[in-house]
Amino acid sequence: MLTGQGRYGADLAVPGCLDVAFVRSKVAHGTLRSVDCAAAREVAGVVGAWSAGDLAAAVHAADGVGDLPPVPYTVAAGVTTHEAVAGREWPVLVTDRVRYPGEAVAVVVGEDRYRAEDGAAEVSFTIDPLPAVVTPSAAAEDSVRLFDGLSNVALRAEAGKAVDDAVWQGAAAVVEGRYRQQLLMPTPMECRTIVAVPEGDRLTVWSGHQMPYRLRGELAALLGWPAERIRVVVPDTGGAFGSKSPTFPEYIAVVFLAVLLKRPVRWIEDRMESVLTATRGRGQDQRVKLAADADGRLLAYELNVDADVGAYPQFGAGVPMQTVYMATGAYRTPRVHATLRSILTNTMVTIPYRGAGRPEAAIALERSMDVLARKLGMDPVEIRRRNFIPPESFPYQTPTGREYDSGDYAAALDLALETMDYAGWQAERARRRADPSALPLGIGLCCYVERSGGEPDGVFTFAGLEAREDGSIIARCGAAPSGQSHETTFPALVAKTLGVDEVRVTLVEGDTDEQPVGLGSFASRSAQIDGAALQHACELLTDEAKARAAKLWGLPAAEVAWADGAVSATTGEASVVDLAELVKATGPLAVFGKFQGGMAYPFGSHAAVVEVDPELGTVTVLRLVTVDDCGVKLNPAVVEGQAFGSAVQGIGQALYEGFEYGADGVPLLSQGLLNYLVPTASEIPPITVKDTSTPSPTTRLGAKGAGESGCIGTPAAIINAVADALLLADPDLLQMPLTPDVIWRAARAPKLREEAAGETPEL
Amino acid sequence: MKITLTVNGDAYALDIEPRRILADVLREDCQLTGTHLGCEHGVCGACTVLVDNAPVRSCLMLAVQCDGKSVRTAEGLAGPDGEPHPVQRAFSAERALQCGFCTPGFLMVAAAALEADPAMGEDPQRVHSVVASNICRCTGYEPIRRAIVRASNEMTAPPTR
Numbered sequence: 062m063l064t065g066q067g068r069y070g071a072d073l074a075v076p077g078c079l080d081v082a083f084v085r086s087k088v089a090h091g092t093l094r095s096v097d098c099a100a101a102r103e104v105a106g107v108v109g110a111w112s113a114g115d116l117a118a119a120v121h122a123a124d125g126v127g128d129l130p131p132v133p134y135t136v137a138a139g140v141t142t143h144e145a146v147a148g149r150e151w152p153v154l155v156t157d158r159v160r161y162p163g164e165a166v167a168v169v170v171g172e173d174r175y176r177a178e179d180g181a182a183e184v185s186f187t188i189d190p191l192p193a194v195v196t197p198s199a200a201a202e203d204s205v206r207l208f209d210g211l212s213n214v215a216l217r218a219e220a221g222k223a224v225d226d227a228v229w230q231g232a233a234a235v236v237e238g239r240y241r242q243q244l245l246m247p248t249p250m251e252c253r254t255i256v257a258v259p260e261g262d263r264l265t266v267w268s269g270h271q272m273p274y275r276l277r278g279e280l281a282a283l284l285g286w287p288a289e290r291i292r293v294v295v296p297d298t299g300g301a302f303g304s305k306s307p308t309f310p311e312y313i314a315v316v317f318l319a320v321l322l323k324r325p326v327r328w329i330e331d332r333m334e335s336v337l338t339a340t341r342g343r344g345q346d347q348r349v350k351l352a353a354d355a356d357g358r359l360l361a362y363e364l365n366v367d368a369d370v371g372a373y374p375q376f377g378a379g380v381p382m383q384t385v386y387m388a389t390g391a392y393r394t395p396r397v398h399a400t401l402r403s404i405l406t407n408t409m410v411t412i413p414y415r416g417a418g419r420p421e422a423a424i425a426l427e428r429s430m431d432v433l434a435r436k437l438g439m440d441p442v443e444i445r446r447r448n449f450i451p452p453e454s455f456p457y458q459t460p461t462g463r464e465y466d467s468g469d470y471a472a473a474l475d476l477a478l479e480t481m482d483y484a485g486w487q488a489e490r491a492r493r494r495a496d497p498s499a500l501p502l503g504i505g506l507c508c509y510v511e512r513s514g515g516e517p518d519g520v521f522t523f524a525g526l527e528a529r530e531d532g533s534i535i536a537r538c539g540a541a542p543s544g545q546s547h548e549t550t551f552p553a554l555v556a557k558t559l560g561v562d563e564v565r566v567t568l569v570e571g572d573t574d575e576q577p578v579g580l581g582s583f584a585s586r587s588a589q590i591d592g593a594a595l596q597h598a599c600e601l602l603t604d605e606a607k608a609r610a611a612k613l614w615g616l617p618a619a620e621v622a623w624a625d626g627a628v629s630a631t632t633g634e635a636s637v638v639d640l641a642e643l644v645k646a647t648g649p650l651a652v653f654g655k656f657q658g659g660m661a662y663p664f665g666s667h668a669a670v671v672e673v674d675p676e677l678g679t680v681t682v683l684r685l686v687t688v689d690d691c692g693v694k695l696n697p698a699v700v701e702g703q704a705f706g707s708a709v710q711g712i713g714q715a716l717y718e719g720f721e722y723g724a725d726g727v728p729l730l731s732q733g734l735l736n737y738l739v740p741t742a743s744e745i746p747p748i749t750v751k752d753t754s755t756p757s758p759t760t761r762l763g764a765k766g767a768g769e770s771g772c773i774g775t776p777a778a779i780i781n782a783v784a785d786a787l788l789l790a791d792p793d794l795l796q797m798p799l800t801p802d803v804i805w806r807a808a809r810a811p812k813l814r815e816e817a818a819g820e821t822p823e824l
Numbered sequence: 002m003k004i005t006l007t008v009n010g011d012a013y014a015l016d017i018e019p020r021r022i023l024a025d026v027l028r029e030d031c032q033l034t035g036t037h038l039g040c041e042h043g044v045c046g047a048c049t050v051l052v053d054n055a056p057v058r059s060c061l062m063l064a065v066q067c068d069g070k071s072v073r074t075a076e077g078l079a080g081p082d083g084e085p086h087p088v089q090r091a092f093s094a095e096r097a098l099q100c101g102f103c104t105p106g107f108l109m110v111a112a113a114a115l116e117a118d119p120a121m122g123e124d125p126q127r128v129h130s131v132v133a134s135n136i137c138r139c140t141g142y143e144p145i146r147r148a149i150v151r152a153s154n155e156m157t158a159p160p161t162r
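Chains as they are written, first to last, in the numbering used here: chain A, 62 to 824; chain B, 2 to 162.
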């Protein structure tokens, strides 16, 4: 990767490979009247062009495949439900109704991308626009329906029990809030890629993808083939952050075209396509209500989520349940009730983006905690301490149905406060509040709990080890990395567990032929699940080696030991045989096993200090401290690097990033990275990354998931700091991202003290 | 249109369409895929290469504009004996990459700045301006900053024996 020898999807040299370009709708919602690809087919270098009808007919006429199917879905991990999808078919190309801007109405294959785009420019089509709905509240009214005869509300769910009115009425303090979790673009630096290569009766699919096994299985089902006929290989992948897990409609078109044409076909998404049609993350309108007694002890919490899940429910209608399940946060609140409506809108679909439901849960609760602290006149630190689930309470059953495995929430908060110099910044804040010429300064906290590993139906994997005569050891697992340093971390883990030199271990993953079973890399699962599976495979290997040595030496198995990559007899004549020698003497040695893990609950405390310029509307983060606890770390430097980068993405959500649509559903920020503002080096404040370590008792290595922490903990810390600086009477004015416009307006809104004193705010 | 590009010291006689961008010609015609396309509108900088030693976004430059010029890519950073460039060593040592997709662009802007002035690492503002010229979504930039300072230190250190 440092020498230009990395191989990403677009780098694969496949002789004769054709490129596709999609013809995309500019309108968000409309009736497709006609598509005419005839002119495109006349363009030099164009191999073919297909509307939905053309492609369906071509597939129908072809041997060896069934009819062109719609986009598939899975109910694994609850990402959607059969009920949500029923009657809401997602065609590969638009058949009669466009439901999001950029939805593809035709596909053109060319000898290269230039020619494919030449052809795409010649496709003519007519769409009669329909009114669009782009916000959950507008869509929920059902005055405009995406699917005739069906509500836009695709899924309703809840966790916990409804809170009795008497609890709210009897509380010393009740605060309410409305928070918008804006739509974000995951924005991996590499957009989506797929290269489909027919070889005999098999198909090899190269794709920068997080779930190669899901992709293989879904493609096989779509084609009507046994899974063995498809090999999915994940080459180097330029980031994913949750956005590269499904079988996208474009992928299905590419695969069917490769099969039809019997030639390699690829789609290398460009950034402008990505801006229009890559999946989004977040997208929730939240209403919250939090009650406490006079001592600041939490009595009840209510969270109502209206989630914008985009135009089709297939990939993520159930993802916001992660917010619902995690509504309890770090506190022993006796009554927690969270509800969800997943609502279809005329936007590209919302699926997991780094954090996936947990940032939304943490932001809602942690903002509310600060509002409550202010109402009670308590220090935000003290109210949190008073309510933390104490370390001795684990495993802790939350009112919203999660069983937290382990934690020491106060320890993480203490370390964050100590690291940031809380008392020092409190003094500085007081100094500035007394000085009318000083820029306001605020301190914000966020104490979060998240979930890693996946849902109960997916916290398992398969791993194997193969010891060879030359001393090398091949480690195989079912993960699929996109920049998480697996090749550094996993061989080191295997080497350490076996007691051999790291250079002997080679990792193989992300190839469904090399490792036929697995799940992939998502939900921060790789270290926790695949790492533990590799450790388990090490045990299988040493057990087998000891058994073979015992047989070889005619000893009882109990009299053979394993140490430092070798077997030895513990009795009689001392004999030590290295693994490689043992393989030479006894034949190939390969072990393989399934590992069943559990869910884990990483946590942490983030603290931010900000300075706000009310005239310019700018927020300057003076200090950011992140303390994360992901249990046992396999490679602290790797974890720290991910924690830092994750915090920067969290800063992005708090201050810069947001994808907006006009009322007609057309994106307002359509200039790619020119106006979708991911943080650059100029936006990076001084960040200190620290950690505590509370091993997970439910996972073999004690490791919990890492890497999503910053997206979860950092945004609320920054928002709370800005609210603290501005002392707003109505903190709901601070909706992310906190652009200069938002801050400038908020800075002119009534202040907390002014309102309390009944004064008219200065405008 | 016939052009000649000298890429990493090798001459490439090419017959290409005038509309082809430099990045595509490097990646496809020269088969040097170490130059990555991250946005194709000049913002992210992943495609940065050196044309006559100056960093350019190869997505915004037509290959025909480079006729007769010398182009350097990530593949051409290492010395003739395969010895890594100091900036490559420093990126490795500082873990200045995670997914690696933006890395070639950062390596090239860093190499250009360091080769023009090996001591630039002493000036935080100049280091910042180099790091701030490209986008990375994984690292948060701090390891990249450290890597450039480290490479600068190495390049200005008195030779040891």
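Please keep in mind that the hints were generated in silico from the structure rather than gathered at the bench.
A couple of the hints might just be wrong.
[Unchecked claim] Computed Cβ-Cβ distance ranges for the label pairs, DEER-style:
(1) A:F653 / B:S71: 46 to 54 Å
(2) B:S71 / A:E676: 27 to 35 Å
(3) B:A14 / A:R94: 46 to 54 Å
(4) B:G83 / A:S636: 41 to 49 Å
[Said to hold, decoys possible] Some chain B residues close to chain A (C-beta under 8 Å, calculated; not the full set):
(5) C31
(6) L98
(7) N154
(8) M156
(9) T157
Just so it is clear, CB atoms sit at the ideal spot from N, CA and C, and this is done for glycine as well.
Outcome of the hint check:
A hinted range of 46 to 54 Å holds for the C-beta pair A:F653 and B:S71, which are about 52 Å apart. Range check, B:S71 to A:E676: about 49 Å between beta-carbon atoms, so the 27 to 35 Å window is missed. Taken as a hint, the range 46 to 54 Å holds for the pair B:A14 and A:R94, whose Cβ atoms sit roughly 50 Å apart. The hinted window of 41 to 49 Å between B:G83 and A:S636 holds, with their beta carbons roughly 43 Å apart.
Taking 8 Å as the C-beta contact cut-off toward chain A, the hint placing B:C31 at the interface is violated, the least distance being around 11 Å. Interface restraint check: B:L98 against chain A, minimum CB-CB distance 6 Å, threshold 8 Å, status holds. Hint status for B:N154: violated, given a least beta-carbon distance of 18 Å to chain A, over 8 Å. Interface hint at B:M156: violated, since its Cβ lies 17 Å from the closest Cβ of chain A, which is beyond the 8 Å cut-off.
Taking 8 Å as the C-beta cut-off, the interface hint given for B:T157 is violated, the closest approach to chain A being about 21 Å.
Going through the hint list in order, the structure does not satisfy hints 2, 5, 7, 8 and 9.
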